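J.: Chains as they are written, first to last, in our numbering: chain F, 503 to 931; chain R, 2 to 494; chain Z, 151 to 273.
Heads up, some of the hints might be wrong.
[Stated by the list, open to error] Facing chain Z, from chain R, some residues (calculated, C-beta under 7 Å):
1. D479
2. V481
3. K485
4. P487
In short, the hints are calculated from the structure, not lab data. Since the model is a prediction, treat every value here as computed from it, not as a measurement. Cβ atoms here follow ideal geometry from the backbone N, Cα and C, with glycine treated the same way.
Each chain, letter by letter, is given below.
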Amino acid sequence: MRYLPQTKKSRDNMLSAIGVTHVDALFTDVPAEALNHNQFNLPDHQGELAVERTMNQYANQNRPASAGRFFLGAGAYYHHIPATVDYIIQRSEFLTAYTPYQPEIAQGTLQVIFEYQTFIAQLTGQDIANASMYDGATSCAEAGLMAMRVTGRKKIMIGTPLHPHYRETLMAYLNNLPDADIEDHITSDTACVIIQSPDFLGVPHAYDDWRKRCDAVGALLVVVVTEIVSLGLLPAPAQADIVCGEAQSIGLALSYGGPHLGFFACREKYLRQMPGRLCGRTVDADGKPGFVLTLSTREQHIRREKATSNICTNQGLCALAFTVHMSLLGEDGFKTLARLNHEKACYLADALSGVKHVKLPNPHFFNEFVIEIPQKSDVVLDHLRRRDIIGGYAVSDHHILVTATEMTTDDDINMYARALSDILTEVSA
Amino acid sequence: MTQIDDTRGLDYHESLLWEKARSDTPGVDLPTPENKPLRTGQNARAEIGLPQISEPQAVRHFVRLSTKNYSIDHGFFPLGSCTMKHNPRLNEKMARLPGFAHLHPLQPMETTQGALALMCELQRWLGELTGLPGVCLTPAAGAHGELAGIMTIRAAHLHKGHHHKTVILVPDSAHGTNPATAAMCGYTIRTIPTRETGRVTLSAFKEALGDGYDVAGMMVTNPNTCGLFEKDIREISDLLHKAGGYFYGDGANFNALVGKIRPSDLGVDVMHINLHKTFSTPHGGGGPGSGPICCTPELAPYMPTPIVIKDQNTYRLEQAGERPTSCGQLKGFHGQFGMHVRALSYMMSHGKDGLKRVSEDAVIHANYILSQLQDDYHVPYAGPCMHECLLTDKIQKEKGVTTLDIAKTLIEYGMHPMTVYFPLVVQGAMLIEPTETESQAELDRFIHVMKMVAQDVTAGRTDTLHTYPVSAPRRRLDEVKAAKEPNLRWKVS
Amino acid sequence: MTVHFTKDHEWMKIEGDTAWIGITTYARHALGDLVYLELPETGRKVSKGEHFAVVESVKAASEIYTPVSGKIVEVNSTLSSNLDDLKEDIETGWIVKIKMSNPSEVANMMDKTAYDQYVSTLD
Chain F
503 MRYLPQTKKS RDNMLSAIGV THVDALFTDV PAEALNHNQF NLPDHQGELA
553 VERTMNQYAN QNRPASAGRF FLGAGAYYHH IPATVDYIIQ RSEFLTAYTP
603 YQPEIAQGTL QVIFEYQTFI AQLTGQDIAN ASMYDGATSC AEAGLMAMRV
653 TGRKKIMIGT PLHPHYRETL MAYLNNLPDA DIEDHITSDT ACVIIQSPDF
703 LGVPHAYDDW RKRCDAVGAL LVVVVTEIVS LGLLPAPAQA DIVCGEAQSI
753 GLALSYGGPH LGFFACREKY LRQMPGRLCG RTVDADGKPG FVLTLSTREQ
803 HIRREKATSN ICTNQGLCAL AFTVHMSLLG EDGFKTLARL NHEKACYLAD
853 ALSGVKHVKL PNPHFFNEFV IEIPQKSDVV LDHLRRRDII GGYAVSDHHI
903 LVTATEMTTD DDINMYARAL SDILTEVSA
Chain R
2 MTQIDDTRGL DYHESLLWEK ARSDTPGVDL PTPENKPLRT GQNARAEIGL
52 PQISEPQAVR HFVRLSTKNY SIDHGFFPLG SCTMKHNPRL NEKMARLPGF
102 AHLHPLQPME TTQGALALMC ELQRWLGELT GLPGVCLTPA AGAHGELAGI
152 MTIRAAHLHK GHHHKTVILV PDSAHGTNPA TAAMCGYTIR TIPTRETGRV
202 TLSAFKEALG DGYDVAGMMV TNPNTCGLFE KDIREISDLL HKAGGYFYGD
252 GANFNALVGK IRPSDLGVDV MHINLHKTFS TPHGGGGPGS GPICCTPELA
302 PYMPTPIVIK DQNTYRLEQA GERPTSCGQL KGFHGQFGMH VRALSYMMSH
352 GKDGLKRVSE DAVIHANYIL SQLQDDYHVP YAGPCMHECL LTDKIQKEKG
402 VTTLDIAKTL IEYGMHPMTV YFPLVVQGAM LIEPTETESQ AELDRFIHVM
452 KMVAQDVTAG RTDTLHTYPV SAPRRRLDEV KAAKEPNLRW KVS
Chain Z
151 MTVHFTKDHE WMKIEGDTAW IGITTYARHA LGDLVYLELP ETGRKVSKGE
201 HFAVVESVKA ASEIYTPVSG KIVEVNSTLS SNLDDLKEDI ETGWIVKIKM
251 SNPSEVANMM DKTAYDQYVS TLD
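Next up, chain F with everything else stripped away, as it sits in the complex (with noise of 0.2 Å):
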């Protein structure tokens, strides 16, 4: 009971001021039949050190990446972490802030909340971006119901591999919404075409051709980048008229899946179709600058039933933690961080096609790219993970995703190779 002030004292005090002699007279609107369930199977209250104990037992029974021989990415990255970033977000007056409400008594968080919407639109080369979303899929549904408000249309292309969740968590957007569908044409009917990059088989796209063929039928284009590292090495996909995706590598642990972050960055012209929180530069009284949440009429709390989302959060503290990693990043650093993981994936690509057997259909990639093997995915991955090697994510019964960060070691790398081509003499194909 650490975490209740009241003594049995000071509640009685209350109520007796209240006017009541007990706390259940305050309940006199509940059914009785409702009140006081005394059947919970649930146990008493405990201290940090039983927690803590129960808490260890939990992870303890896990593999983490940190253990290293980790090549799994697949839409979630392990990437170091600046001891900073943790620190920072950690501090009470980030951690423990609401959504900036009172702007007098928010700057903080709304000022980085400018400078992430700052860095998205830089990284991905759109006009503005807004406060952040859940994760990369959502994000990526968002853009397809933000694509079908824009041009009244009910059809999504997908033009290159998306990520199987990406794609799931659309069509379950869609399923809502009467004759929206996703299809695997362009017509005059579509609302946009979907093209994530690098896509989930790792391969990087162009876009000039892409906007060629939209801009033919008046379609939107919607880049998704799964893997925002990578856009300090590929070209910003400035051709697009959305971009989203997912920002977890800068500054979030894997966490077993979340919290992630989603971004979200569009053209000027769309300003009003956006979903989410918008932080904007303004004045108080005495003229000094400023920074508040705005345009919230797009939003559900006053838009109620026109709204263009329901979503009223945003991640603030993932991106805050974003935000914190970038200004440690800079220019240079975030072109070196991309150009060290493409050439970990290079030596990685280099070790495991030297593998006998092992072929690598696609030349191009940034730090993810498939290997093609004789045997069943499954099955190799399972040998693997025998020997303690996480060797990545099984994209069909002979192709494996596999990822190089620049938290792989060449160690690492060696010895995955060694145990493949162990494993691909061992088991017959």
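Assemble the complex: chain F is given as a structure, and chains R and Z must be docked to it using the hints.
T.: Quick look at chains R and Z alone, frame taken from chain F:
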């Protein structure tokens, strides 16, 4: 004093990152790349225009910005329907254990048994506390949980062939997310008026329900956004169920019930739980949240996927397509796991005995405030209230002092304002949610300031009330300018 | 030329089969400081009661409904950047001109006196 910038004492002027001189070296030391030919099939990216500063400059930047924020760790934060309670640091420590923090969502499940067991245990706690044993942890926030819940209801109706059920009933006092969510699911919204009584009355409900043929469900927050318990809720849910509709419970105000009242006993079929409210995961200046949903066994087949399943002694995530009636996948991966760790840590710390104290103390606190302020402020609906109380500026407005002035005066006195101008069913609403983690001294200080404001208004000392805050990092901001001339990012000037 | 008024606080000037539509002083005051006006496209067909424009303040968005059916033949696009002109002024404050398809819809609308009487009953 010579004017250099706005910095005075501990109040720092802090420029944007882009306005600082560019450092030669960034705030990280990375290995030097070999700069071999690229295998991306594309040219390397040109100059992006990112700022560049050293680590000490970066630390100072963010620490200075942090000092411009108010937080629950500073003081009283009675933001109605937001449940700003103490955020225990134990939970932060637990979420950062390497066995949780560095776990990849797509790892082989043999290597994540502890995480899956933890999620399964959280599902069990939520199922017990709500009485709704079907639990899906994936929704990323409250509004996302609402989407999950309404999609669950929709999938159930469609599976039964009930295509005629196209309407969701929503009281006018509901959060905006309720109608926005129902609209995202393709439903038409029919509003139940509550303005007269602050509650959904049986007669208003019956009128909205009609013969119930087209009604797919109802979204009700209980206790509602006026801080009142919906006393006719059993009769209402019975009628709704008879008409073939489902009762969606908005979990925003679960802090009034937790450990004492199960939503299932009130007729709720499906609800979301805001882990960032009731179970204290930090709000973080606007997120991340986490909004698991809990539902009846009847609706469980339609919940989003994946859920965690226990087979014998092993745990696993549901496979794709394993539950074909599911309304689908609603986000990448399987939820805000970091928030699951924090919430379970909080629940275990409280236990069932502590959680009952949570709801009782939260309700006592709100009623204590109501009892002390009811002579000074207009109370639109008589108490007792639940975990939050609703006042308005009706009395003060006659002297030209509005809810906005009262809120900004609280800032001047070092407190965060209550929720203002919501719910929309009363004019000049002030919704006060003190939560259970305040001492009586904090409550008394708030009451004192509120009484002082009321007395100032009565005595005609209103001039300064319009000027507050003057001691905060900023005075009132020009929101009209912000909206009229949107300036949403730094640009090269 | 006559000017008609609606309970939704629109004014309408009729000339032949064309209606100039704007919002009244009462509406303008109720909306507070306006920050944005969303205008329709010329050529759009609208039915009586349908919204054709949205005005926004910082905290509210209000739809403007057409009291008559017809086709939007002209849009006062200068209003977007001159929101102060959006008022009860038949020369500069009109939002759209609609070529009416059913001029009989104008019957039963209030004149200035009746509208002022109506407004005085509101709080």
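J.: Can we keep the P487 (chain R) interface hint, with Cβ of chain Z closer than 7 Å?
T.: With a closest approach of 9 Å, the P487 (chain R) hint is violated.
J.: Is the shortest C-beta separation between K485 (chain R) and chain Z less than 7 Å?
T.: 5 Å, holds
J.: Please verify that hint: V481 (chain R), Cβ, nearest Cβ of chain Z, below 7 Å or not.
T.: With a closest approach of 5 Å, the V481 (chain R) hint holds.
J.: Minimum Cβ distance from D479 (chain R) to chain Z below 7 Å?
T.: With a closest approach of 10 Å, the D479 (chain R) hint is violated.
The structure does not agree with the numbered hints 1 and 4 stated previously, though it agrees with the rest.
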